[in-house]
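Trainee: Counting in my numbering, the sequence shown runs from 1 upward without gaps.
Do not take every clue at face value.
[Claimed, not checked] Below, computed lysine to aspartate or glutamate pairings styled on DMTMM-like, alpha-carbon distance capped at 20 Å:
| # | residue 1 | residue 2 |
| --- | --- | --- |
| 1 | 67 | 102 |
| 2 | 114 | 102 |
| 3 | 67 | 26 |
| 4 | 320 | 298 |
| 5 | 9 | 98 |
| 6 | 320 | 306 |
| 7 | 114 | 98 |
| 8 | 82 | 98 |
| 9 | 9 | 20 |
| 10 | 302 | 270 |
| 11 | 114 | 95 |
| 12 | 82 | 66 |
| 13 | 17 | 66 |
| 14 | 327 | 306 |
| 15 | 324 | 270 |
| 16 | 221 | 270 |
| 17 | 156 | 2 |
| 18 | 327 | 298 |
| 19 | 30 | 20 |
| 20 | 5 | 20 |
| 21 | 30 | 95 |
| 22 | 67 | 20 |
| 23 | 156 | 20 |
| 24 | 249 | 270 |
| 25 | 156 | 270 |
| 26 | 249 | 298 |
| 27 | 274 | 328 |
| 28 | 17 | 6 |
In short, the hints are calculated from the structure, not lab data.
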Amino acid sequence: MDTLKDMLKAYEAWVGKNPDVVGDFETTAKWVSYFIAGRISSSNVVSELVYTLSNMLVFYNDRIIEKARNAEKNSVIQLQSKLCYRLKVTLTTLEYSEVFIEISARRLFGQSGKWLVIALIQAFKAAGRFFILKHSTSDIITSPPIAALNRRAIGKQRKNSGDGAASSTNDLLQSQHSITFQLKRSGRVIRKVEGAPPLQYRDFKLHIDNNEAAKTQIPRKLLQAEYLYISKPLIHLVAMGLFGRRSWKQYMLALSIDLYSIHLYRQHRDLMSKQQKLELSRRCINIMYFLVRSPFYDSFTKSRLERILDFVATSVPIAKVVAKPLKDYIPTWQSTYFYLWST
């Protein structure tokens, strides 16, 4: 047991010092999942398992790198409570593995078991997102809740930082000179006693450092838009139960909820934070997924996409090697990944 712990510590130390090498290994693991798809029996389960494990490895390594960076800065940056952070970790893990869980549930329990598992997953995700939105400093819920680290940016920062010891000293001095601190549970920013100005200049208003963020009151309209977006998977599942999976009613309902949520955000764009604007841009791009979701895919996209692949396969000599397997496997991808309830 001690040997295993020592090996784990050694691995964490190596990952913290070599994020670039780790990134190459993670990319290789993901490409293995693409290679497996369609080449062996039960390939969708095996490839999804490999892809899920590769995502989990990336997520675990990101936490190691993040921990190493915070240790170098000699400060703990934690703007949300431990409970909210653990919930974010759980939701991120679930988001990376939910497709594999659904495929496994279908294999083990059939279609009814699959839909029960899907309903439980989406209910837990919605409840967790509502809790995070209410009790953390987040003003919008990203997908996944904890985004992957930008390894290239971290590498550039290390190269440009120069002397690491000097950088750590500066960070330490800055943290010591901070005149505010943040409560872990509520996220409220409190001014330290030594941070108060002379008596004649006091206005009893909280001063906030540029590098510190407090949880501000989220405008009501933006909060309604986010609540609507979080509720969409559950509303859509209910609509699928009422109207059927291939019905245009459930498709249009999910699309309408997405569009109306985005509309509410855009109406109050001046009230949005930078994080909200970035996430809203991602959601606008994700609207394109509706082109490959049933029943629109079955009625319009499928035939056109197959014609394009056939044209590429017959016109470009080498492209046939890629176009034909891609055409054969697209129906499996479409039925597995392009779910309307995913957010």
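Trainee: With reference to the structure, classify each hint as holding or not holding.
Mentor: Now the hints, each set against the structure:
1. Among the hinted pairs, residue 67 with residue 102 is inconsistent with the structure: their alpha-carbon atoms are about 32 Å apart, more than 20 Å.
2. Between residue 114 and residue 102 the alpha-carbon distance is near 6 Å, which keeps this suggested pair within the 20 Å criterion.
3. Restraint check for residue 67 and residue 26: satisfied, since their Cα atoms lie roughly 19 Å apart, inside the 20 Å limit.
4. Restraint check for residue 320 and residue 298: not satisfied, since their Cα atoms lie roughly 24 Å apart, outside the 20 Å limit.
5. A hinted pair counts as satisfied when its Cα atoms are at most 20 Å apart, and residue 9 with residue 98 does not qualify at roughly 29 Å.
6. For the hint linking residue 320 to residue 306, the alpha-carbon distance of about 13 Å falls within 20 Å, and the restraint holds.
7. The suggested pairing of residue 114 with residue 98 holds, with an alpha-carbon distance near 11 Å, which does not exceed 20 Å.
8. Of the pairs offered as hints, the one joining residue 82 and residue 98 is violated, with about 24 Å between alpha carbons and a cut-off of 20 Å exceeded.
9. Taking the CA atoms of residue 9 and residue 20, the gap is about 19 Å. The hint holds against a cut of 20 Å.
10. About 40 Å separates the Cα atoms of residue 302 and residue 270, which puts this hinted pair outside 20 Å; it is violated.
11. With a CA separation close to 16 Å, the supplied pair residue 114 and residue 95 stays within the 20 Å bound.
12. Taken as a hint, the residue 82 and residue 66 pair is honoured in the structure, with Cα atoms around 16 Å apart against an allowance of 20 Å.
13. A threshold of 20 Å between alpha carbons decides the hint, and for residue 17 with residue 66 the separation of about 11 Å falls inside it, so the pair holds.
14. Pair hint residue 327 plus residue 306 holds up; C-alpha atoms about 7 Å apart against a cutoff of 20 Å.
15. A distance of roughly 48 Å separates the Cα atoms of residue 324 and residue 270; the hinted pair therefore is violated under the 20 Å criterion.
16. Among the hinted pairs, residue 221 with residue 270 is consistent with the structure: their alpha-carbon atoms are about 12 Å apart, no more than 20 Å.
17. The straight-line distance between the Cα atoms of residue 156 and residue 2 is roughly 36 Å, outside the 20 Å bound, and the hint therefore fails.
18. Using a Cα cut-off of 20 Å, the hinted pair residue 327 and residue 298 holds, with the two alpha carbons roughly 14 Å apart.
19. This hinted pair checks out: residue 30 and residue 20 have alpha carbons roughly 16 Å apart, not beyond 20 Å.
20. Between residue 5 and residue 20 the CA atoms are separated by roughly 24 Å; this puts the pair beyond 20 Å, and the hint is violated.
21. As the CA atoms of residue 30 and residue 95 are separated by approximately 16 Å, the hinted pair is consistent with the 20 Å bound.
22. This hinted pair checks out: residue 67 and residue 20 have alpha carbons roughly 16 Å apart, not beyond 20 Å.
23. At roughly 11 Å between alpha-carbon atoms, residue 156 and residue 20 fall within 20 Å of each other, so this suggested pair holds.
24. About 34 Å separates the Cα atoms of residue 249 and residue 270, which puts this hinted pair outside 20 Å; it is violated.
25. A C-alpha spacing of about 33 Å is found between residue 156 and residue 270, which places the hinted pair above 20 Å, so the restraint is violated.
26. At roughly 15 Å between alpha-carbon atoms, residue 249 and residue 298 fall within 20 Å of each other, so this suggested pair holds.
27. Distance restraint check for residue 274 and residue 328: the Cα-Cα separation of roughly 42 Å exceeds the 20 Å cut-off, and the hinted pair is therefore not satisfied.
28. For the given pair, residue 17 sits about 17 Å from residue 6 by alpha-carbon distance, which is consistent with the 20 Å threshold.
Violated hints, in rising order: 1, 4, 5, 8, 10, 15, 17, 20, 24, 25, 27; the structure is consistent with all others.
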